[in-house]
Amino acid sequence: MRLSDRLLDVVVYTLLAVLIAVTLYPLLYVLFASLSDGDRLLAHRGLLWKPLGFVTFAYERALSNPAVWTGYWNTIRLVAGGVVLNLTMTILGAYVLSRRNVLWNKVLMIFVVVTMFFSGGMIPFYLVVKQLGLMNTLWALLLPFAVNTFHLIIMRTAFLALPPSLEESAQIDGAGHLTMLTRIVVPLSMPVIAVILLYTAVDKWNMWFFPSMFIQDRTLYPLQLVLREILINNQTDTISSGTGVGEAQKIGETIKYATIIIATVPVLFVYPFLQRFFVKGALVGSIKG
Amino acid sequence: MALPIVGYYIVFFYWPMVGAVIAFQNFSPMKGIWGSEWVGLDHFYAFVNGHYFWRLLRNTLLLSAYSLLFEFTAPLLLALLINEVRSRLFRNVVQTVAYMPYFVSLIVVCGIVKDLTRSDGLVNLVYTFISGTDGQDMLQQPGLFRGVYVLSEIWQRAGWESIIYMAALTAIDPKQYEAARIDGASRLRQMWSITLPGLAPTIIIMLILRLGNMLEVGYEKIILLYNPVTYETADVISTFVYRKGLIDFDWSFSSAVGLFNSVINLAILLFANALSRRVSRNSLW
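Residue numbers (this note's numbering), protein chains in the order written: chain A, 1068 to 1356; chain B, 284 to 568.
Keep in mind that the hints were calculated from the coordinates and are not lab data.
Glycine included, C-beta positions come from ideal geometry on N, C-alpha and C.
Treat each hint with caution, since some may be false.
Not everything, but these chain A residues come out facing chain B in the computed CB check (under 8 Å) [unchecked claim]:
no.	residue
1	I1190
2	F1276
3	Q1291
Cross-link-like lysine to aspartate or glutamate pairs, in silico, DMTMM-like; alpha carbons within 25 Å at most [claimed, not checked]:
no.	chain 1	residue 1	chain 2	residue 2
4	B	K504	B	D403
5	B	K504	A	E1296
6	B	K458	A	D1076
7	B	K397	B	D518
8	B	K504	A	D1270
9	B	K314	B	D533
10	B	K504	A	E1320
Derived Cβ-Cβ restraints for the label pairs, each shown as a range [said to hold, decoys possible]:
no.	chain 1	residue 1	chain 2	residue 2	range
11	A	F1217	B	R374	26 to 32 Å
12	B	A550	A	I1143	38 to 44 Å
13	A	F1184	B	S469	42 to 48 Å
14	B	L492	A	H1111	39 to 45 Å
15	A	V1332	B	L492	28 to 34 Å
16	B	Y335	A	F1184	24 to 30 Å
17	A	V1077	B	P480	24 to 30 Å
18	A	V1181	B	T411	45 to 51 Å
19	B	R472	A	W1136	56 to 62 Å
20	B	T411	A	D1284	41 to 47 Å
21	B	A550	A	R1144	38 to 44 Å
22	A	V1077	B	S476	20 to 26 Å
Start from the sequences and build out the full structure, keeping to the hints where you can.
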């Protein structure tokens, strides 16, 4: 090997090692901080290599916060509802858009794609949701987002890739659209459907902006809104109530981190198992830009 | 069968487009869209001549330009780096770690960002050490907002977005590298003359898509990170729309600003696409 190539290796490996450290550290920091003793954490400066002490108190307090539980419950409902609704709509829509014999297919495609590049804007959208009487219901987070145009196009591309002869022979055997969809198209497209399912689930899990716009009722807050109160607005008083001011601050810090972990662990836990799906999904999505 | 999908798009996309006419009115919810008073382009004039117009436009364009420059190139560089790794194990570790932040929710990312940039936060300690400043909260300093925004964006997304380039890389014919090796090309040279040209079509498509969203910088994240002290550099058109419309309830004015934003976006997209078709025969349609 020549010198310049060896040098390249050194540079590449060094840069990537630094990148790994920089990427991983903030996540480890949160984990360590959540297990730390509040006093010592507040006094500490600089790198955190391990938990300062090993205290699970913050977790007990975070888990005894009812908002975390209702948040979880609402998020689960949102994810489940979103997966069912979005997949049904996307599969139906993609099926229609992938028919070759429908005359107005092209028109319909333009009708759909235009919305990716032009929209009425935030306020008119908000007013429509309001007029439909969806405010303050979980439906406001499901119905207006029932189709993601990008997912629809990916699904359509996958349906179009199925051999047309399959459908022709099914038609000759007397299969209607519904039979064709449920017995042929869907079973043959499971990998893409799995990918879209995962994307939808992650989207719903992370949703916070529209919930903050449409939901005022605290018992309907998804997990992310609960997190926002704790992390961004720094409202830890509700969880550390019954303690003095200084006391509340240092408890609040560790509880904050424990809450992050509690809210993030499910995702990071399933992520390694799903990784290949996500990667496949990104590839599927990249085929047609 | 087409009914649900058509209905959905009509209700949640086309109806708001019609609803956007309130930008030309003094909309009052009591009178409704067809009863409210028409004022023509008044709100547009008011916005363009308004106190904040240039600040908003400058912030939007600058933040977009920074994103374009750094967030767009970071995944590409990462993919090039990963592509040079020969060890399978190391490669897997790098990829797994790099994708991970993408799955952390925006709220948590912003929570971590706030924490690490606090006066005693680690990032701030490093920054003050390098710059020799006095280390107050980084998110309270207008001069640092763009940097914090772009860097945290890269932290969260670069790994994930590199996947698309990794996919494109697998499509490059290995024979080209073989031939180059026989001709005595160094690996850096191969990267420059084979890998990069091989990625070019993907890069261009990604670039067009990006340009189409030029004025739509991530307002969700800005809303989570900014505060009145940093409006000077952080406030962009879409966050302004959000504040005017959903906090001040100035619906008509806010819609006008939003529409202004959409139209310019569309124009940039059309321009970028046409340009790309001329130059490289790559285009979205």
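Right, here's what the structure says about each hint:
no. : hint                           : in the structure
1   : I1190                          : 4 Å, holds
2   : F1276                          : 5 Å, holds
3   : Q1291                          : 5 Å, holds
4   : K504(B) x D403(B)              : 22 Å, holds
5   : K504(B) x E1296(A)             : 15 Å, holds
6   : K458(B) x D1076(A)             : 22 Å, holds
7   : K397(B) x D518(B)              : 18 Å, holds
8   : K504(B) x D1270(A)             : 15 Å, holds
9   : K314(B) x D533(B)              : 15 Å, holds
10  : K504(B) x E1320(A)             : 22 Å, holds
11  : F1217(A) x R374(B): 26 to 32 Å : 28 Å, holds
12  : A550(B) x I1143(A): 38 to 44 Å : 42 Å, holds
13  : F1184(A) x S469(B): 42 to 48 Å : 43 Å, holds
14  : L492(B) x H1111(A): 39 to 45 Å : 44 Å, holds
15  : V1332(A) x L492(B): 28 to 34 Å : 33 Å, holds
16  : Y335(B) x F1184(A): 24 to 30 Å : 26 Å, holds
17  : V1077(A) x P480(B): 24 to 30 Å : 26 Å, holds
18  : V1181(A) x T411(B): 45 to 51 Å : 49 Å, holds
19  : R472(B) x W1136(A): 56 to 62 Å : 59 Å, holds
20  : T411(B) x D1284(A): 41 to 47 Å : 43 Å, holds
21  : A550(B) x R1144(A): 38 to 44 Å : 41 Å, holds
22  : V1077(A) x S476(B): 20 to 26 Å : 22 Å, holds
In this structure, none of the earlier numbered hints is contradicted; all agree with it.
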